[in-house]
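Enquirer: Below, each chain spelled out in residue letters.
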Amino acid sequence: MGEKITQQGVPFERLKIASFDFTCCEGCQLQLTNRESSLPDFLGLLDVRNFREISSERHDDYDIALIEGSISRPDEVERLLKIRKQAKILVAFGTCACFGGVNNLKNNHSIQNLIDEVYPGMAIETLPVRKISDLVKVDLSIPGCPVDKGEVERVMVSLVTGSRVTLPKYPVCVECKAQLTTCLFELGEICLGPLTRAGCNAICTSGNTPCLGCRGPAEEINMAAFFELVKERGLSLDDLHEKLACYNAFEPFPSHEA
Amino acid sequence: MKRDYAIDIRHLSRVEGHANIHITVREGQLVESQWAVVETPRFFEVMLKGMSAERVPFLTSRICGICSISHALASIRALERAMNITPPLAAKQTRLLAMQGETLQSHALHLFFLIAPDFAGTSSVLPLMQSHPDLVRAGLQLKELGNEISSITAGRCTHPVSLVVGGISKAPDKQRLQQLRTMIVERKPSLEIACSFFSSLVMPNFSRETEFISLRNAASYPSIGGRLVSTDGIDREENDYLLMTNEYTREFSTSKFTRLSRNSSVSGALARFNNNHDLLHPNAQKAAEQLGLRPICHNPFMNNIAQLVECIHILEEAEELVNSLLNMDLREIKTPYSPKAGAATGAVEAPRGILYHSMETDAAGKVTKADCVIPTTQNNGNIHSDLRALARQALEEGKDDRETAKLCEMLVRSYDPCISCSVH
Numbered sequence: 056m057g058e059k060i061t062q063q064g065v066p067f068e069r070l071k072i073a074s075f076d077f078t079c080c081e082g083c084q085l086q087l088t089n090r091e092s093s094l095p096d097f098l099g100l101l102d103v104r105n106f107r108e109i110s111s112e113r114h115d116d117y118d119i120a121l122i123e124g125s126i127s128r129p130d131e132v133e134r135l136l137k138i139r140k141q142a143k144i145l146v147a148f149g150t151c152a153c154f155g156g157v158n159n160l161k162n163n164h165s166i167q168n169l170i171d172e173v174y175p176g177m178a179i180e181t182l183p184v185r186k187i188s189d190l191v192k193v194d195l196s197i198p199g200c201p202v203d204k205g206e207v208e209r210v211m212v213s214l215v216t217g218s219r220v221t222l223p224k225y226p227v228c229v230e231c232k233a234q235l236t237t238c239l240f241e242l243g244e245i246c247l248g249p250l251t252r253a254g255c256n257a258i259c260t261s262g263n264t265p266c267l268g269c270r271g272p273a274e275e276i277n278m279a280a281f282f283e284l285v286k287e288r289g290l291s292l293d294d295l296h297e298k299l300a301c302y303n304a305f306e307p308f309p310s311h312e313a
Numbered sequence: 006m007k008r009d010y011a012i013d014i015r016h017l018s019r020v021e022g023h024a025n026i027h028i029t030v031r032e033g034q035l036v037e038s039q040w041a042v043v044e045t046p047r048f049f050e051v052m053l054k055g056m057s058a059e060r061v062p063f064l065t066s067r068i069c070g071i072c073s074i075s076h077a078l079a080s081i082r083a084l085e086r087a088m089n090i091t092p093p094l095a096a097k098q099t100r101l102l103a104m105q106g107e108t109l110q111s112h113a114l115h116l117f118f119l120i121a122p123d124f125a126g127t128s129s130v131l132p133l134m135q136s137h138p139d140l141v142r143a144g145l146q147l148k149e150l151g152n153e154i155s156s157i158t159a160g161r162c163t164h165p166v167s168l169v170v171g172g173i174s175k176a177p178d179k180q181r182l183q184q185l186r187t188m189i190v191e192r193k194p195s196l197e198i199a200c201s202f203f204s205s206l207v208m209p210n211f212s213r214e215t216e217f218i219s220l221r222n223a224a225s226y227p228s229i230g231g232r233l234v235s236t237d238g239i240d241r242e243e244n245d246y247l248l249m250t251n252e253y254t255r256e257f258s259t260s261k262f263t264r265l266s267r268n269s270s271v272s273g274a275l276a277r278f279n280n281n282h283d284l285l286h287p288n289a290q291k292a293a294e295q296l297g298l299r300p301i302c303h304n305p306f307m308n309n310i311a312q313l314v315e316c317i318h319i320l321e322e323a324e325e326l327v328n329s330l331l332n333m334d335l336r337e338i339k340t341p342y343s344p345k346a347g348a349a350t351g352a353v354e355a356p357r358g359i360l361y362h363s364m365e366t367d368a369a370g371k372v373t374k375a376d377c378v379i380p381t382t383q384n385n386g387n388i389h390s391d392l393r394a395l396a397r398q399a400l401e402e403g404k405d406d407r408e409t410a411k412l413c414e415m416l417v418r419s420y421d422p423c424i425s426c427s428v429h
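Listed in order, the protein sequences are those of chains A and B.
Its first residue numbered 56, the first sequence is counted upward by one per residue in our numbering.
Its first residue numbered 6, the second sequence is counted upward by one per residue in our numbering.
Only chain A is shown next, with the shape it has when bound in the complex (with noise of 0.2 Å):
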């Protein structure tokens, strides 16, 4: 199956693929069979060893793992540890694996108290929620929530083709201004957009909402400078602290106590 195959003539290589899903909502996953029109050429790139939610066959002579989700179990320790072994290539796929994502809230508080409120007087088995790269090497990074179909196609045509893989260092104001959208802090809403990597085509905030900064930092941005920015603009610094913490992306930040 992952032999050498040609398409338009070129000869090349199809990507021994696995996808494996943690603490997630799978939605990342489900981008693999979105893009319809294009999905069939999508596939032709890939062959796919081991898919448990689209596929029944279950091989483990993969290359690439993309890791869906965050970490938040004793079992799902040993299985990342087992698939790092594996694969030659492991992808942190989704803002769940790169940061930790929405489930990083669940941090806020004491894991007897989530236990009390949810499963009262059940033996449950629950860690703190951790980001794939807390735990094993991550090769590859595909922030997003969820991740753009369309940069995961980029990316695996790099990887067919042995290129770079590249994502945008430069903010989602960039791509906010090329769609002429009004500034959100015209509006008097806070907007992540300034600190947080471009790549999903200003997707939110050319729906009238907020970014939220899903897909992590942008490099070299100015923390200080923003919450200088907030207070200026009088906006509310709890209202910042609320959408800064949504994704738990921008973790390293110091400035974050400013």
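Bear in mind the hints are in silico, worked out from the structure with no lab data behind them.
Just so you know, even glycine gets a beta-carbon here, dropped at the ideal spot from N, CA and C.
There's no promise every hint is true.
[Said to hold, decoys possible] To be clear about the criterion: a stretch of chain A counts as covered by chain B if any three or more of its residues have a C-beta under 8 Å from a C-beta of chain B, and this derived list gives those stretches:
hint : region
1    : 91-97
2    : 124-131
3    : 171-184
Keeping the supplied structure of chain A fixed, place chain B upon it in accordance with the hints.
Expert: Showing chain B alone in chain A's frame:
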């Protein structure tokens, strides 16, 4: 035939989420049968505490990658009812259309990607792309249409961006709505291809009488809000959801269970059909008749057929909604509101059945208490009981362990379980 065997399916494939099937037969007798959901809990109800009402649909939509629009709208409905907010008509119609898109996408995924391989004898849809190209193309056309409807109405098909408390944050673009109208009409033939394939299949002969629960309105096939009804004669209002669900836990399952008049009940396409077949579009009613689906149907495998019948209804309904939006002034799309303390339930018909979100807010509009009861949780007990009855029937019919295992997998898939959702 083996008189002693165990079926042990870990992380069943072609379903959303993680669950296991265990069956043990000794001396030709069924001694154990279990459907065990082992998904990792995420604790959304606790995460929601303290969150501002405005931010809630962003978080609740992340409960599920397949039915994120339903989750956003269930919590929006709960919050709007709690804070006495009436969204403008244009927003209501846009939301209804978004729901149609999501259900079409979800049903197409289930029918063509998840269960068609069982009937064609393949492990996935991938070989069907070669062996049944017309069928797969039809499936992709319907799935793409569903996603397109959701994108135009909600800004994105997975994890919507423009569904907000008070209405919608952006009106659907009229030019795109016009293109959508053409796309709907052009894709109706895909339904015929799907119907001709599914009418050629024989659904396994298995029935176990149970109670079917769905929403019901006087005027239309259910989608957002309504009375809570069951085939056992229950009829309650939306805020009485706790009386409909009676959630309980069992040690082997991280998904909870519910019950109403019996030990278990069913929610989803078959339940909606059983309670609301009179409200389906005539074309969908005709297709149901041709596909051998008649109310009240107690064969869980016919949930697949009920989904297909709903797809026919959805294309007709979506066409009408698009027309009504095209004739509407789409400038007034959001009702301004001031946060207030309140409590209410929002119920919607997600693709897989009734989804309840119950929300309590404080005077600042922050969530003080949240409860979500998921369709797959409501089907959990029935899957468990059906599995036992099906395994027994298979033994009586002299089926071997491989045949029984396949039937059991197909039974679970027929429910189209959304397991991550159920263990939110």
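Enquirer: So, for every hint listed, does it hold in this structure?
Expert: We went through each hint and held it up to the structure:
With 4 residues carrying a beta carbon less than 8 Å from a beta carbon of chain B, the region 91-97 of chain A meets the three-residue requirement, and the given coverage holds. With 3 residues having a Cβ less than 8 Å from any Cβ of chain B, the region 124-131 of chain A passes the three-residue criterion, so the hint holds. Using a Cβ-Cβ cut-off of 8 Å, 7 residues of the region 171-184 of chain A lie near chain B, which meets the minimum of three, so the contact claim holds.
Comparing the model with each earlier hint shows no violations; every hint is respected.
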